Amino acid sequence: MDAIRTEGLTKHYSVGFWRSRPYVALDGLDLQVSQGEVFGFLGPNGAGKTTTLKLLMQLIFPSSGRAEILGRPVGDVDVRRRIGYLPENPYFYDNLTAEELLTYFAALFGYPSHARAARASRMLDEVGIGAERRFQLRKYSKGMLQRVGLAQALLNDPEVVFLDEPMSGLDPMGRREVRDIILRLRDRGTTVFFSSHILGDAETLCSRVAIVAQGKLVAAGRVAEIVPFRIRGWDLIVTGLVRDQLDEFVVAGADVREIADGRYHVVLPEQATLESSVSRITALGGQLVSVNPVRDTLEDFFVARVRQAADREVG
Amino acid sequence: MRSILHVARHVFRDSVRDKVLYSIVAFAVILMVSSFLIGQLTAGQDVKIIKDLGLAAMSLFGLFIAIFIGVGLVSREIERRSIYAVLAKPVRRHEFVIGKYFGLVGTLLANLAVMAIAYYLVLEYMRFTMPPGQFTVSPAVVDPRLSIGIGMIAAELAVVTAVAVFWSTFSSSAMLSAALTAGIWVAGQFGADLRNFDQVVKSPAAAALARGLYYLLPNFAAFDVKSQVVHGLPVGADYIVVTLLYGAAYVAMLLTAAVFIFSRRDFK
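These protein sequences, in sequence, are chains C and R. Convert by adding 20 to the 1-based position in the first sequence; the result is the number in our numbering. Convert by adding 19 to the 1-based position in the second sequence; the result is the number in our numbering.
Bound-form chain C, shown alone (with noise of 0.2 angstroms):
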């Protein structure tokens, strides 16, 4: 059994108002997810990840196809018991405190009363929430209101979490942190769908991703399978050397240029041998500071696919 499972579910929206004409937010999109996976929804901003997502939560009603999650349909108020979901820029009620939001959620799950609170106290700790729980939440920062949105959203412990940009509005910590989280979820075989347009944490996180454009599915697979990772040349930062020492380099075909302080940032073309270029630097009396190659990325692949699906929209 799937953990999520998408059959042609597509939404149009009526725009305008006096001659209202059909908006195609997500157009047959065609998805499976499996269980203890976690995958990357991708798209830029307007692809229709969050109209997704809203499908998924019935928050919105499908123009046509299907959705399942655990093989139930959509709006299934039990599987909604095992299922968690993280709204984009989540905001929730001004006069409670966090520890009260919680608890009303717990409560809605169907928790005992005397187990809410300290379930609620858990999941704070988990994203950690502290002595703040007892504000109320229109003194939270949108930081800190992302936090409590991921602690309701996992709660119940759910088997499927859906996040919808998790990581915006973080700052560098609090990305780790929930960077963190998603890996404990991972390990602890909880299917995490989260959508983003920030690729790198897709790279680290996710087993399987999907990207869309304009409403349509342009590629799925596993992030090894659809973007090639050819090597494309070799990234050296250099120190010890003065510039005309790297001139040799810049002849052979590489970029040099001074970072700061007689350090030296240098890429390698494709064709260039590594070791004979480390070997040359060390007998010049360089050190190296550090050797990356150059590869393809799931960025230059959403670029370019991105770029297709538009190009074929205008054409």
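Warning: the hint list may mix true and false statements.
To be verified - Here are some chain R residues pointing at chain C (derived, C-beta under 8 angstroms):
| hint | residue |
| --- | --- |
| 1 | 23 |
| 2 | 25 |
| 3 | 29 |
| 4 | 32 |
| 5 | 101 |
| 6 | 103 |
| 7 | 104 |
| 8 | 108 |
| 9 | 285 |
| 10 | 286 |
Said to hold, decoys possible - Under the rule of at most 27 angstroms between Cα atoms (straight-line distance), these lysine-lysine pairs were calculated in the DSSO-like manner:
| hint | chain 1 | residue 1 | chain 2 | residue 2 |
| --- | --- | --- | --- | --- |
| 11 | R | 67 | C | 159 |
| 12 | R | 287 | C | 162 |
| 13 | C | 162 | R | 245 |
| 14 | R | 287 | C | 236 |
| 15 | R | 245 | R | 67 |
In short, the hints are calculated from the structure, not lab data. Note that this is a predicted model, so its numbers are computed, not measured. All residues carry an ideal CB built from backbone N, CA and C; glycine is no exception.
Given the coordinates of chain C, assemble chain R onto it according to the supplied hints.
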């Protein structure tokens, strides 16, 4: 059923802390207290003026509260996106609407109770400061029948809240929902005029339209027993029961329509 209770309790807790409500209730209480001063200016009629003004203040400010909190049901929840997380929980949409309604009515009753306490305190003070000879004034200063008037105000406001909830289920604009609710309340004050419209116009079409509106719009005038209770006139138990049943039926009808619309609505 349990979800309805959880939603209602949550709505009560959230809305009863709204600072705007405090301002409205504070304003109503100030008006009631100041009615004592106005009463001093009118020889012999002071008790009735205080009673009348107090009930009118409860009715008017209660109306503000009913509209203010009622229209917030969906429009404010969508504007602030708080509805997304709630509807993704194991709660059915009809449970959400009905729970919201009862939570809002609970908030309304709590606010009305504060106003009623202030009202009775003003009247009690009035009785306390009266010359001994006037204790036998009829009707009594602190007349238990006034509670019938307050109860009918509460029932009327429960219907107003249902109207506000109904509009807000398909309008995302809080302003529009508030304006429509206020409009229905004003029209509902003229129930008797709509029913007897055929006696003042010759056009059968206009009379039929007025009669149709009479049956369609809530007859808020039926809940107004202020002048009877202020003047100590009897209000029949059968009248009270029938009016309350009418109110309950109207609320049930509005909530059914609200649930029907809300259950099919896209939350873009």
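Compare the structure with the hints numbered earlier in the document and write down the numbers of the violated ones, lowest to highest. As far as the earlier hints go, 1, 11, 13 are violated by this structure, in ascending order.
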